[in-house]
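Oh and the sequence shown: position 22 is 21 in numbering that gives the first Met the number 0, straight run, nothing missing.
Wrong hints could be hidden among the right ones.
[As the list claims (entries may be wrong)] Simulated restraints on C-beta separations:
1. Arg-3 - Gly-31: 37 to 43 angstroms
2. Met-0 - Arg-28: 38 to 44 angstroms
3. Met-0 - Leu-29: 40 to 46 angstroms
4. Met-0 - Leu-30: 43 to 49 angstroms
5. Leu-29 - Ala-1: 40 to 46 angstroms
6. Ala-27 - Met-0: 39 to 45 angstroms
Simulated from the structure, these hints should not be mistaken for laboratory data. Built from N, CA and C at the ideal position, the CB exists for glycine as well.
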Amino acid sequence: MASRIIAALRTVLATVANVLLLPFRVLARLLGVPSNGRSRAARRTRRQAA
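Sequences and hints are given; from them, build the entire structure.
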């Protein structure tokens, strides 16, 4: 039972973290696009790493 509870907590924490980080990522993309063209390459590497 403990393993199931731990797994459930991990999934909940992961989803909450993703929801909280999504708006920050969107803001970073919107702010980074007009100022830097290098940010596009950084995003590609991040997507590949993830």
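Going down the list of hints, with the structure as the test:
no. : hint                               : result
1   : Arg-3 - Gly-31: 37 to 43 angstroms : holds (41 angstroms)
2   : Met-0 - Arg-28: 38 to 44 angstroms : holds (42 angstroms)
3   : Met-0 - Leu-29: 40 to 46 angstroms : holds (45 angstroms)
4   : Met-0 - Leu-30: 43 to 49 angstroms : holds (46 angstroms)
5   : Leu-29 - Ala-1: 40 to 46 angstroms : holds (43 angstroms)
6   : Ala-27 - Met-0: 39 to 45 angstroms : holds (40 angstroms)
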